[in-house]
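**Student:** One letter stands for each residue in the lines below.
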Amino acid sequence: MAGEKYEVHRRMYEVLKGRDAPGAKMLAEWLEGVFRAVDEGRPIVYHSFALFSEVIIALDLQPLCCEAWDMMASRVDPQHPLKSIDAAHEAGIPSEMCSFDKAILGSVMRETMPPPSMIALSATPCQNAYITYQAVAHITGAPMWVSDIPYNMDEEGAREYWVEQYKGLIAFLEEQSGRKMDYDRLREVVEESNRCVEYWLELMELQKMKPAPRTGPLWTGTYAGMTSFGLPSSTAAVKATLDRVKNDIAQGKAAVADEKARAVWFHFPVGWDTGLMKWMADMGVSVPFVEFDGYRAEPVDTSTPESMIQGMARRALEVPMVKIAQGATDRYIEDLLYVIREWKADCAIIAGHPGCKWITGAHGLIRDAFREEGIPVLLYDIDLVDPRVTSEDESRTKIEQFLNMVLDRKN
Amino acid sequence: MYNEQHLLLRSLYELRKQEAPPISGTEALEILIAATSMPVEEFNAMLRQALDELQSREGISGYRARLLLGGVDLEDPAYIKLIEDLGGLVVTDFLCFGIRDFWDQVEEDVEPMTALARRYIRNVSCPRMIDHDGRQEFMEFLIREYRVDGIIIQRMKYCDLWGGEGAMIQWDMRKNGTPCMVLEREYLMSSMGQTRTRVQAFLETIGGY
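These protein sequence lines map, in sequence, to chains A and B. Numbers 1 to 411, taken from the numbering used here, label the letters of the first sequence in order. Numbers 1 to 209, taken from the numbering used here, label the letters of the second sequence in order.
Derived by calculation from the structure, the hints in this document are not laboratory data. Remember, predicted model here, so these are calculated numbers, not experimental data. Glycine included, each C-beta is placed from N, C-alpha and C at the ideal position. Hints may contain errors.
As the list claims (entries may be wrong) - Below 25 Å or equal to it, Euclidean Cα-Cα: the simulated SDA-like pairs (lysine to any residue) are:
#  : chain 1 : residue 1 : chain 2 : residue 2
1  : B       : Lys157    : A       : Gly327
2  : B       : Lys157    : A       : Asp86
3  : B       : Lys157    : A       : Val389
4  : A       : Lys357    : B       : Lys157
5  : A       : Lys260    : A       : Glu342
6  : A       : Lys260    : A       : Glu372
7  : B       : Lys175    : A       : Glu111
8  : A       : Lys357    : B       : Ile130
9  : A       : Lys83     : B       : Met129
10 : A       : Lys410    : A       : Leu378
11 : A       : Lys357    : B       : Met129
12 : A       : Lys83     : A       : Glu174
13 : A       : Lys83     : A       : Asp60
14 : B       : Lys157    : A       : Ile139
15 : B       : Lys157    : A       : Glu96
16 : B       : Lys157    : A       : Pro387
17 : A       : Lys344    : A       : Glu318
18 : A       : Lys167    : B       : Lys157
19 : A       : Lys167    : B       : Ile121
20 : B       : Lys81     : B       : Phe94
21 : B       : Lys157    : B       : Gln136
Stated by the list, open to error - Listed below are several chain A residues computed to face chain B (Cβ distance under 8 Å; list not exhaustive):
#  : residue
22 : Ala91
23 : Ile93
24 : Asn128
25 : Ala135
26 : Lys357
27 : Gly374
Assemble the whole structure, with the sequences as input and the hints as a guide.
**Tutor:** Set out below in structure tokens:
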């Protein structure tokens, strides 16, 4: 064991491994893999949530999604991300940068996240991540690959270019690790992630029902995508959630029995206000769709190495945030309106996370588009990681006023 | 013509290496802004004339410190004037409209579009490109060549790229012993009193009396 390093995560591991729930088992396995890699000196590959872990797993390397590492720590120690954010500020990182990224950087500086052997990144969704991972590479000395993404994926040659970048990622991992990709192993991994996605899409389809079977973030899929995509544990976790939802539907149970209104939540959930969705449910409002659950991808064709790479590259473009951060804001707005229609929402709440310039910068355009469609939208500033920016009271007051207006309108 | 412009600007920057440079940082930025907005032929003719005149101009001496000014787009010479009025002399830069814009030449013996694209990709980059090591190397070259006493990085609020890069430069400079300060600014000139105080304190820490 590597001493008492990563104490928060080790504590979390101890809690999770004793649980029967497949979601807990999935996270426990992932943490165990990271700790084992640290202890045995196996290569750890940092990757952002924008790149799935299939190729890393197929090469028998240990994936570590930095966003997931920090997010889960706040469940055990709410001060953990704040300490990391403060460490980043003290090192000169500006306060207006994204708190997710500041937390990653601070965790690297505080050595509360195991150091990477290599870093795999995609040039999306934002510049916060872009500069953060450059700084992580600078501090740790780890080599880094960035899959470059064209601005407009509809342009001729753009998709082919992106596929080539994905091949570059595999070549980088092979070169740095000294291992060769076994495409039969990759096929097994991708077939597993295909099954996981299939269950996930079915689950999201069920969320279109009125009343919604679940409200708020489902988390299992988000963590499956970030930590263990392509491993049986992630498939089992998502399937278990799906089974529970089906069971509830069969018994006539819904998240909000007297569902008066439905809101979709764009952006990541407020990590520190864990009671928010329950509080909204008490008002009679369900949230059938949270953007980070909104993964909509087709299965990858596993017939040849080329088809697998093309499919994985295509699927990486469907990751929430990545999907809407490509190209012009029109694409984002179209996606928002699609979700509103499909998940039969009465309104939308868009968290203007301070670091997210591409959302806050689009507020005016979003407001205009929603006004045109006659859909109420709340655009409000809230830091999704750091409660010191907007307090719980302040946040809930804004949401309450908005939802009261929506409910009045419906009545 | 643009390559010629780049060579002429390099000649201008050569003069700034002198112990008593004949041109201030404020004036240099005025020239650089003209380079981005004037017809290139006309600009080149005027710069040639200016270079001739500068040969016989008395150099600037008695400054407190030789400074490198880095960071984001800066198109207001008044910002540099504020620094120079306090006794600092900006002898070189690492600005989007400055040295990073003209340092590299476009290859003339390859197909023009390819040559232009190569220059955009390979020139001394903005932190948008994953090449901090390359930027650091170039900055260290500038520190040596221009005998820089201190670095001021001005970053525009909400520019994440320079926000992170500025911090990294400070970490690097802490290691090599070159004093470095990061100043936040708005697009328009504002908080000038605060900026003045910070620059003054920075010049004192460098040791410029």
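**Student:** If a hint holds in the structure, say so; if it does not, say that too.
**Tutor:** Hints, verified against the model:
Annotation: proposed proximity of Lys157 (chain B) to Gly327 (chain A) holds, straight-line Cα distance about 23 Å (limit 25 Å). For the proposed pair Lys157 (chain B) and Asp86 (chain A), the alpha carbon gap of about 19 Å is at most 25 Å, so the pair holds. Taking the CA atoms of Lys157 (chain B) and Val389 (chain A), the gap is near 17 Å; set against the 25 Å cutoff, the hint holds. Proposed proximity of Lys357 (chain A) and Lys157 (chain B) is supported: the alpha carbons are some 12 Å apart, at most 25 Å.
Of the supplied pair hints, the one linking Lys260 (chain A) and Glu342 (chain A) holds, its CA atoms being roughly 18 Å apart against a limit of 25 Å. The straight-line distance between the Cα atoms of Lys260 (chain A) and Glu372 (chain A) is roughly 23 Å, inside the 25 Å bound, and the hint therefore holds. A distance of roughly 20 Å separates the Cα atoms of Lys175 (chain B) and Glu111 (chain A); the hinted pair therefore holds under the 25 Å criterion. At roughly 20 Å between alpha-carbon atoms, Lys357 (chain A) and Ile130 (chain B) fall within 25 Å of each other, so this suggested pair holds.
A distance of roughly 29 Å separates the Cα atoms of Lys83 (chain A) and Met129 (chain B); the hinted pair therefore is violated under the 25 Å criterion. Simply put, Lys410 (chain A) and Leu378 (chain A) have alpha-carbon atoms about 16 Å apart, close enough for the 25 Å limit, and the pair holds. Taken as a hint, the Lys357 (chain A) and Met129 (chain B) pair is honoured in the structure, with Cα atoms around 19 Å apart against an allowance of 25 Å. Of the supplied pair hints, the one linking Lys83 (chain A) and Glu174 (chain A) is violated, its CA atoms being roughly 35 Å apart against a limit of 25 Å.
Using a Cα cut-off of 25 Å, the hinted pair Lys83 (chain A) and Asp60 (chain A) is violated, with the two alpha carbons roughly 32 Å apart. The suggested pairing of Lys157 (chain B) with Ile139 (chain A) holds, with an alpha-carbon distance near 24 Å, which does not exceed 25 Å. Taken as a hint, the Lys157 (chain B) and Glu96 (chain A) pair is honoured in the structure, with Cα atoms around 8 Å apart against an allowance of 25 Å. For the hint pairing Lys157 (chain B) with Pro387 (chain A), the CA-to-CA distance comes to about 22 Å; that is within 25 Å, so the pair holds.
This hinted pair checks out: Lys344 (chain A) and Glu318 (chain A) have alpha carbons roughly 21 Å apart, not beyond 25 Å. Restraint check for Lys167 (chain A) and Lys157 (chain B): the C-alpha separation of about 36 Å exceeds 25 Å, so the hint is violated. A C-alpha spacing of about 21 Å is found between Lys167 (chain A) and Ile121 (chain B), which places the hinted pair at or below 25 Å, so the restraint holds. For the given pair, Lys81 (chain B) sits about 17 Å from Phe94 (chain B) by alpha-carbon distance, which is consistent with the 25 Å threshold.
For the given pair, Lys157 (chain B) sits about 22 Å from Gln136 (chain B) by alpha-carbon distance, which is consistent with the 25 Å threshold. The interface hint given for Ala91 (chain A) is met, as the beta carbon of that residue sits about 6 Å from the closest beta carbon of chain B, less than 8 Å. Residue-level restraint check for Ile93 (chain A) holds (minimum Cβ-Cβ distance to chain B is 5 Å; threshold 8 Å). A least Cβ separation of about 5 Å between Asn128 (chain A) and chain B falls short of the 8 Å threshold, and the interface hint therefore holds.
With its C-beta approaching chain B no nearer than about 5 Å, Ala135 (chain A) sits inside the 8 Å limit, and its interface hint holds. The criterion of a C-beta within 8 Å of any C-beta in chain B is met by Lys357 (chain A), whose closest approach is roughly 6 Å, and the hint holds. Against a cut-off of 8 Å between C-beta atoms, the interface hint on Gly374 (chain A) is violated, since the closest Cβ of chain B lies about 32 Å away.
This entry does not satisfy hints 9, 12, 13, 18, 27, going by the numbered hints stated previously.
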